[in-house]
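Visitor: Here are the chains, one letter per residue:
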Amino acid sequence: MSGTESLEMSAFIVDRMEVGIFAVDSTMRVVLWNRFMATYSGQSADDMLGRNLFQMFPELPAKWLEKKIRNVFMLKNYAFTSWEQRPYLFRFSHSRPVTGGDEAMQQSCTFLPVKNRADQVRFVCVNLFDCTDIALFQRRLQGTVQELEREKEAQRRLIVKLEDAQGQLMQSEKLASIGQLAAGVAHEINNPIGFVNSNLGTLDNYVRDLLRLLDAYEEASSKAVAPPPNLEPVAALKQEVDFNFLKDDVRCLLSESKEGLERVKKIVQDLKDFARVDPTQEWLWTDLHKCLDSTLNVVSNEIKYKAQVVKHYGALPQVECMPSQLNQVFMNLLVNAAQAIVDKGVITVSTGVSDGWAWISVADTGSGIDPENIKRIFDPFFTTKPVGRGTGLGLSVSYSIVAKHGGRLEVESELGKGTTFSVHIPITQTHPDAEANAV
Amino acid sequence: MLNQEQQEALQEIANIGMGQAGSSIAQVFDHFVQLSIPRILILGADDLPSALEKLVNADQITAVRQAFHGRLRGEAIVLFGEQRCNDLADLLGYEHTPDHVNELELLLDVTNILVGACLGGIAAQLRSEIGFSAPSLMADRVPADALLRSEDLSWSTALLVEVNFRLEQRSFACHLVILMAQEEIRVMALALDRFLETYK
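Protein chains in written order, with my numbering: chain F, 3 to 441; chain X, 5 to 204.
Since the hints were made in silico from the structure, they are not lab data.
C-beta: ideal position from N, C-alpha, C; glycine also.
Hints may be right or wrong, so weigh each one.
[As the list claims (entries may be wrong)] Cβ pair distances, simulated, as ranges:
#, chain 1, residue 1, chain 2, residue 2, range
1, F, T29, X, W159, 43 to 49 Å
2, X, H73, F, G5, 56 to 62 Å
3, X, Q24, F, R37, 26 to 32 Å
4, X, H73, F, P63, 25 to 31 Å
5, X, D51, F, I376, 28 to 34 Å
6, F, I376, X, A150, 47 to 53 Å
[Stated by the list, open to error] Per the computed footprint, the stretches of chain X lying under chain F, defined by three or more beta-carbons under 8 Å from a beta-carbon of chain F, are:
#, segment
7, 5-11
8, 50-63
Make the full structure from the sequences, and use the hints.
Guide: See below:
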């Protein structure tokens, strides 16, 4: 190939390549403008050659682009632009007139220093590549990735929900099995308690009668003119058995036993409530403020020396619920609140509606719950109270009652600051039980 | 991989090359730019990630890489700290405070200028032509130790030339690292021998 031929071929290739090629001199005058540039810009090489690039294309970012080109002259080094950061230099229509694409051709450019033999940069040649296809593909890919990220996030949230649900399920599972056990135990214990209780009552009467009889004897013998003979062994025996003490103590023992039995009865009642073998409960539209007030009356004796009760009642509509059961919940929460207060404090009872749910909260200024214990407070038989003061059933009973209402029993506590229990229940029941019971 | 004489020659070439680079960069930015004396290291793939981590004293680093090719082949990485190079926007003709996208473009522009100037300087000393590919973002604010993982690197030994830049008035600083893997070090050794020949 001769030198001329080779030059011609190079010129031909530069003109016809599917890449935009143009060049400017140091005054920004165009010295080369290939066919690709002409086709997409609508300006032919004849129009462009010898003209100032920025005058011909006022839409170009002149300040930035001129600085970029000058740097190529100065540093004798390449420069680049990428469609990712700057979608295009020239606003060309893209090469997908039929199948469609972005609003404009996405371009990446290379700025090439064209040097002479003396290693001086005479021109800067710009190669402009059409990246519309890549850009489209990349954006679609990005869309897909974002979609995947969204789905992943949704799944993550779902897993958290599932874990919650599983936790609650385990809790209610535990409650249910303990409930069955409790129902059986309660039934078994109730019978002996019944006859022990009634026997104890009778025993009490008998002892009273016997003591009365003895008193009568004593009085009669002391008043007798001539005391009956042979009384000395009786007096000795009286001494021996410490009769005066025995007389007092037998009463004490009986009343203590009665108290103990009362306590057993209360525990059994709690167990029965917990097992809630009480199908007669009805769903009623109820004013919960009335419930709270009556419960406050019932427990006022337990509370009044410990705490001042502050009521923050909000606007609460009638709520479909089992009022006597909810009363029990309120009672538990109020008694617990009072017991949590060491010396003197405040119990704040608040109510309100949010998102179609009614809520009732009982906040105390008591000792708070240890974070270690907070997970276990709804477990049956879990108690931190001294032996004999709590059955460890109050909160699990409350929990199952609230759960039966389709609601939530939540707790927030800070050691040394106090605890807030809040009951959230739906205003209207969607529970199938509701319809069954309403009929 | 490089003998004493070659290493000394490379140090000399790098010193001169960076000096030239400094004056070109000063022309572009219209400000005097401080360059450190280039540091030349030969290290194994295992040591590179921690070496880069130690270089930049920042929790979050941004890195731009750019390949160079010709007789000398390799990649250059420019490491930016928290401040990146937003303070240079107006010096490169950006008219507004850069948003995130412009910020990335500015990083690429600055990298291209620094890499072009420094490698251009070295290549000129060695009288070899050098070309560049477009720079691309390697890491956008990642923890310093997450930049490179040695198990991803396919070479065992690399030549590293490190230089840092500082532009006091603009509170701008960055590190430039030129990396050539083992095959390329041999080419570099030959080029250095030729360079030494001319002085003998």
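Visitor: Confirm or reject each hint.
Guide: Hints, verified against the model:
1. F:T29 x X:W159: 43 to 49 Å: holds, 46 Å
2. X:H73 x F:G5: 56 to 62 Å: violated, 28 Å
3. X:Q24 x F:R37: 26 to 32 Å: Check failed, 39 Å falls outside 26 to 32 Å.
4. X:H73 x F:P63: 25 to 31 Å: Given a distance of about 29 Å, which is inside 25 to 31 Å, the answer is holds.
5. X:D51 x F:I376: 28 to 34 Å: violated, 50 Å
6. F:I376 x X:A150: 47 to 53 Å: violated, 38 Å
7. 5-11: violated (count 0)
8. 50-63: violated (count 0)
The earlier numbered hints that this structure contradicts are 2, 3, 5, 6, 7, 8.
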